[in-house]
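Undergrad: Chain by chain, the residues run as shown.
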Amino acid sequence: MTRALLMIAGMVVGFTWGGRLAAQTADAPRERGIAAYDALRYDSAAEVLRHALAVMPAARPPDSVRAATYIYLGAAEHFLGRDTAAARAFDDALRADPRARPDTLIFPPEVGAAFARVRARTSYLAVGAPADTTIVPDTGRYVVRVYVSASRHLRARLTDAAGDARGLYDGPVADSLALWWNGLDGGGNRMTDGRATLELTFGPDGADSTVQLPITLHTDAPDRVAAPSAPPPQRTADGGGGPHVGALAAGVLAGVLVVVLPSFVSGSPHPTPARFALAGALGAAGLVGFVGPSRGAGAPQTAVPTRELRSRERDAVDAMQSRRRRAAPLDIHADWGAANSGAPR
Amino acid sequence: MRKPPIRMIGLALAALASLTGGATAQSGPRLSVSAVASDVLERTLTPTGVAHHHGIVLGGAGVLAWGPVVARIGYAEGTLAADSAATPAHDLVQGYALIGTRPIPGLEVLVGPMARAYVRGTSTERWVLWQVRMRYAAELGAPWLGAYGEVWGAVAGTVNTPEPFTAGRGGTAGLRLRLGVAHISVDYGIDESRVAAQPRRETVQQFRVAVGLGGVEP
Chain A
0 MTRALLMIAG MVVGFTWGGR LAAQTADAPR ERGIAAYDAL RYDSAAEVLR
50 HALAVMPAAR PPDSVRAATY IYLGAAEHFL GRDTAAARAF DDALRADPRA
100 RPDTLIFPPE VGAAFARVRA RTSYLAVGAP ADTTIVPDTG RYVVRVYVSA
150 SRHLRARLTD AAGDARGLYD GPVADSLALW WNGLDGGGNR MTDGRATLEL
200 TFGPDGADST VQLPITLHTD APDRVAAPSA PPPQRTADGG GGPHVGALAA
250 GVLAGVLVVV LPSFVSGSPH PTPARFALAG ALGAAGLVGF VGPSRGAGAP
300 QTAVPTRELR SRERDAVDAM QSRRRRAAPL DIHADWGAAN SGAPR
Chain B
0 MRKPPIRMIG LALAALASLT GGATAQSGPR LSVSAVASDV LERTLTPTGV
50 AHHHGIVLGG AGVLAWGPVV ARIGYAEGTL AADSAATPAH DLVQGYALIG
100 TRPIPGLEVL VGPMARAYVR GTSTERWVLW QVRMRYAAEL GAPWLGAYGE
150 VWGAVAGTVN TPEPFTAGRG GTAGLRLRLG VAHISVDYGI DESRVAAQPR
200 RETVQQFRVA VGLGGVEP
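In order, the protein sequence lines correspond to chains A and B. So that you can map any letter, position 155 of the first sequence is 154 in numbering that gives the first Met the number 0, and since no number is skipped, the others follow by simple counting. So that you can map any letter, position 96 of the second sequence is 95 in numbering that gives the first Met the number 0, and since no number is skipped, the others follow by simple counting.
Because the hints were derived from the structure by calculation, they are not lab data. It is possible that some hints are incorrect.
Claimed, not checked - Not close to chain A: a few residues of chain B, all C-beta gaps over 12 Å, as computed:
| no. | residue |
| --- | --- |
| 1 | Gly73 |
| 2 | Ala85 |
| 3 | Ala146 |
| 4 | Val203 |
What the hints assert, rightly or not - If you want the footprint, here are the derived chain B segments under chain A, 3+ residues with CB under 8 Å:
| no. | stretch |
| --- | --- |
| 5 | 58 to 66 |
| 6 | 90 to 101 |
Ideal placement from N, C-alpha and C gives every residue a C-beta, glycine not left out.
Using the sequences and the hints, build the whole thing.
TA: Printed below as a string of structure tokens:
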């Protein structure tokens, strides 16, 4: 029992010390390099810092730790008289983090000036956006933060799977900028679900760099409102036979009445055969009413056909469903793994 | 004597009403007036034989509707020539004044007198029939096109002959075209009036064309 407890304690201590030792090992070159720079051993500092950058795990921009390490390296190279290497280090610092600046409390003004000269020639862009978020289109905001290495012109555009684009920004940016998108395209409509691309083009004309960030749009669709069921057959004044049939029936019935009246009225009428012409005209008139556009034979002018009522109800349901879908939350997923950071041409 | 099935015709008109529906009653008074020309075929059956007369009769008609109340009047006169040379021509004068109501759109139930006089030389045979008339009018799929039918029966009557009045009945059916405030109607009507005892009937068939103005069904 005692032996088992001692073994467990040893394992715990070993893992703890081992972890700390690994961390110290990872940070050790960088700290040794910085310590060498502070001790004015620039040659040693440059060598150690280059080694530290080589073993430092890569991170997507903005990587402030890597940028600061590059600044130390650049400063060391500067004091060694290796301006080209210093410029390259400063350039790498801005590439890692466009917001990187030499700390004026640590580095002398000449390092800051050398850095500024390099910075003026760069056009690096870093983007910060939530990996996963949900907004309500039109009222919500998807915020994208943009960090730049120097004052340049920025064009930001979001394009959905259907090719509809929404311009987010087109103008100068000096240091950083917060872009926001309300989930709608340029026409004020929801963008198509699926793959979309946030594209930022930054830089002076002719030397633009482009960052493309794929994002996925997904609408949490609301439950569909059921379409109205067919109303019961309306018993209009025409007795439910339908206006067209009623017109035909009225015309035919009136024609029949003309034909049979003599038989009903008189026992020996000797009716004129000319009445058949009128009977035919009444039948034809009924046929005209049957085949022509009808408001319903004899129906009041305020009556609305059932078909039109159903169409109005369907339109109302569609409009409501459209409003609900428009207000449905939009899930936005930024695919940082597939982000493309273009180099200046 | 077989009673003519006026009830059946009334039911037919009711069926017509049920299939189509009629004009909606409106609140204010509406008037319609028409000029009427009728081609009249008259057949007179008397104990001595049958006589036929034919001619054109001209007149006018008017309709006043106010809410559910409707009134109809009409007058016409003309000369009817006999089909045989042995029979003299005579004049026909007729008129009616009916008042009634519209219990449902399109349907009118009217009561009132209809008078008809046959002027034969120096003698005039006058018939006065108190009618109950049922009339139904309907659009045929469009407000400018309509049809109407009516049947009537005499509940009482008088005739200035030795024989008393027995029965009278009739009916009309026609086609109406409305052009704005103007209307044209063409209809066919037949009616028969009888006296008791001796076989004596007056059967009148009319083809009428009416042209008029107004906002009420003519």
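Undergrad: Now tell me, hint by hint, if it's right for this structure.
TA: Structure-based check of each hint:
1. Interface exclusion of glycine 73 of chain B from chain A stands, the closest Cβ pair being 19 Å apart, more than 12 Å.
2. No Cβ of chain A approaches the Cβ of alanine 85 of chain B within 12 Å, the least distance being about 19 Å, so the stated non-interface status holds.
3. In this structure alanine 146 of chain B is not separated from chain A by more than 12 Å, as the shortest Cβ-Cβ distance comes to only about 4 Å.
4. Its closest Cβ contact with chain A, about 10 Å, brings valine 203 of chain B to no more than 12 Å, contrary to its assignment away from the interface.
5. Three residues within the 8 Å Cβ limit are the bar, and the stretch 58 to 66 of chain B against chain A gives 0, so the coverage statement is violated.
6. Counting residues of the stretch 90 to 101 of chain B whose beta-carbon sits less than 8 Å from any beta-carbon of chain A gives 0, not enough to reach three: the coverage restraint is violated.
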